[in-house]
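*Asks:* The primary structure of each chain is shown beneath.
There are 2 protein chains.
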Amino acid sequence: MIIREATEQDFDAIWPIFHEIVAAGETYAYDPNTNREEALKIWLHVPRQTFVVVVDGRILGTYYLKTNQAGPGSHVCNCGYMVASQARGMGLATAMCEHSQKVAVELGYQAMQFNFVASSNEGAVQLWQKLGFEIVGRLPQAFNHPSKGFVDALVMYKWLG
Amino acid sequence: MIIREATEQDFDAIWPIFHEIVAAGETYAYDPNTNREEALKIWLHVPRQTFVVVVDGRILGTYYLKTNQAGPGSHVCNCGYMVASQARGMGLATAMCEHSQKVAVELGYQAMQFNFVASSNEGAVQLWQKLGFEIVGRLPQAFNHPSKGFVDALVMYKWLG
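As they're listed, the protein sequences go chains A and B. For the first sequence, my numbering gives the first residue as 1, with consecutive numbering after it. For the second sequence, my numbering gives the first residue as 162, with consecutive numbering after it.
Honestly, the hints are just simulated from the structure, not real lab data. Owing to the predicted nature of the structure, the values given are computational and were not obtained by experimental measurement. Treat the hints loosely; a few may be bogus.
From chain A, some residues computed to sit far from chain B (all C-beta separations above 12 Å) [unchecked claim]:
#1 F11
#2 I42
#3 Q49
#4 A95
#5 K102
#6 V103
#7 V105
#8 A111
#9 G123
#10 E134
#11 V136
#12 R138
#13 A153
#14 M156
#15 K158
Computed cross-link-like contacts, DSSO-like style, restricted to lysine-lysine with a CA-CA straight-line distance of at most 30 Å [what the hints assert, rightly or not]:
#16 K66(A) to K291(B)
#17 K202(B) to K66(A)
#18 K309(B) to K41(A)
Beta carbons: idealized from backbone N, C-alpha and C, even for Gly.
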C-alpha cells in the first residue's frame, strides 16, 4: 500500500470512488448529483492537498486535507477520506487517517476537525475514536439520511500538538 | 430601523464595518488581512442572501445567510452578523438574528447553525442563547485570539421547525 499525492490524471480513478459514495448520500454532505467536473473541483482543486492510496497498482482510496477555518481558525485542518467499496475492511481508512495526521503536523497544523460525521455512520465514528478523535459536538438532526431520515451529525476533533 | 437585501452599491458602507471587525481578529474566522475585493466575495457573492440594517439612512449592520452543508446537510443554514462599532447596544444583532430566522424559514431551511463562535465573545454567546440557540459543540482551542491566545470555539444550533 502506497500513499502519494494525487495528480490530475488520478481523477479517472478517483471519480468512480467519489461518485459511488456521494450518490449514495449516506455519509458525505455533498449534493448526491455532483457531477465529475464539480467533484474535481471539490476534491482536487479546493483542498490544500489530495492523496491517493495505491494497492497493487490500483487507486482504492483517496483523501484531501485543507484548512478548516481562515484567520484565527487556520491552525486547525480538515480531512475527508474515501475508500472504494471493493477495498473496505483492508485498513485503508486507518492508513489514510494516520498519514493525514503526519502531513498535517508537517504543514504546521495543530489540530484536525471533522465537521460533519453522520452519527449513523457508526463504523467511521468508532474508527475515528480509536484513532484519537473525540466527539466534541452533536448537531441535532443535521444529516438527512436517504433511508433513516434526519439523524444527528457529529463534530470530531483531535489536538495534534 | 429597516432591514433590506443588500445591493452591490451597499458595499461602500459594508466594507468599513467588515474591515474593522475582521482586522481585529477577535470574532470571525476570516484572515485579518482580507482585502476589499475578497470581502465582497465572502460577504456578498458566496452567500445565498445578504442584508443590511439601515438606521436613519445609514447602514450600521449587515448579515449573510447561506446553506451550511450541501446535499444531506442542506436543510440547515448558516448566518453571520456584523454591527458597526458606533451602533453596538442598539439591538441590531437581535433584530438581524430574528429577521434571519424568518428568512430562513421562508427559504425552507429547518435549522440554523453557527459553526465557529469564539467562546471569548461572551456577549454574542449569551445573545444567541437568549434567541434560542444551544451550544451543541465545543472545539478545544480552535480559535486563536489576538490577546487571549487559543480559546475554545463553540458550535451553536437552533431547530426552526
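*Asks:* Each of the hints needs a verdict: does it hold here or not?
*Replies:* Here is how each hint holds up against the structure:
1. With a least CB separation of 20 Å from chain B, F11(A) remains clear of the 12 Å interface cut-off, as annotated.
2. Here I42(A) does not stay apart from chain B, with its beta-carbon only about 9 Å from theirs, under the 12 Å limit.
3. The non-interface label for Q49(A) is consistent with chain B: the shortest C-beta to C-beta separation is roughly 20 Å, beyond 12 Å.
4. Distance to chain B confirms A95(A) as a non-interface residue, since its nearest Cβ pair spans about 26 Å, more than 12 Å.
5. Even its closest Cβ contact with chain B, about 21 Å, leaves K102(A) beyond 12 Å, as expected for a residue assigned away from the interface.
6. Every C-beta of chain B lies more than 12 Å from that of V103(A), the closest at about 19 Å, which supports listing it as non-interface.
7. Taking the minimum C-beta to C-beta distance to chain B, about 16 Å, the non-interface status of V105(A) holds against the 12 Å cut.
8. Listed as a non-interface residue, A111(A) fails to keep its Cβ farther than 12 Å from every Cβ of chain B; the least gap is roughly 7 Å.
9. Non-interface status of G123(A) relative to chain B is upheld: no Cβ of that chain comes within 12 Å, the nearest being about 17 Å off.
10. Distance check on E134(A): its Cβ comes as close as 8 Å (rounded) to a Cβ of chain B, failing to clear the 12 Å threshold; non-interface status is violated.
11. A Cβ of chain B approaches the Cβ of V136(A) within 12 Å, the least distance being about 6 Å, so the stated non-interface status is violated.
12. Taking the minimum C-beta to C-beta distance to chain B, about 6 Å, the non-interface status of R138(A) is violated against the 12 Å cut.
13. Not every CB of chain B is more than 12 Å from the CB of A153(A) (nearest about 7 Å), against its label as outside the interface.
14. In this structure M156(A) is not separated from chain B by more than 12 Å, as the shortest Cβ-Cβ distance comes to only about 10 Å.
15. Remark: the non-interface label on K158(A) conflicts with the geometry, its nearest Cβ contact in chain B lying 10 Å away (cut-off 12 Å).
16. Annotation: proposed proximity of K66(A) to K291(B) is violated, straight-line Cα distance about 34 Å (limit 30 Å).
17. Taking the CA atoms of K202(B) and K66(A), the gap is about 20 Å. The hint holds against a cut of 30 Å.
18. Between the alpha carbons of K309(B) and K41(A) the distance comes to roughly 37 Å, so the proposed pair goes past 30 Å and is violated.
Hints 2, 8, 10, 11, 12, 13, 14, 15, 16 and 18, counting from the list given before, are not met by this structure.
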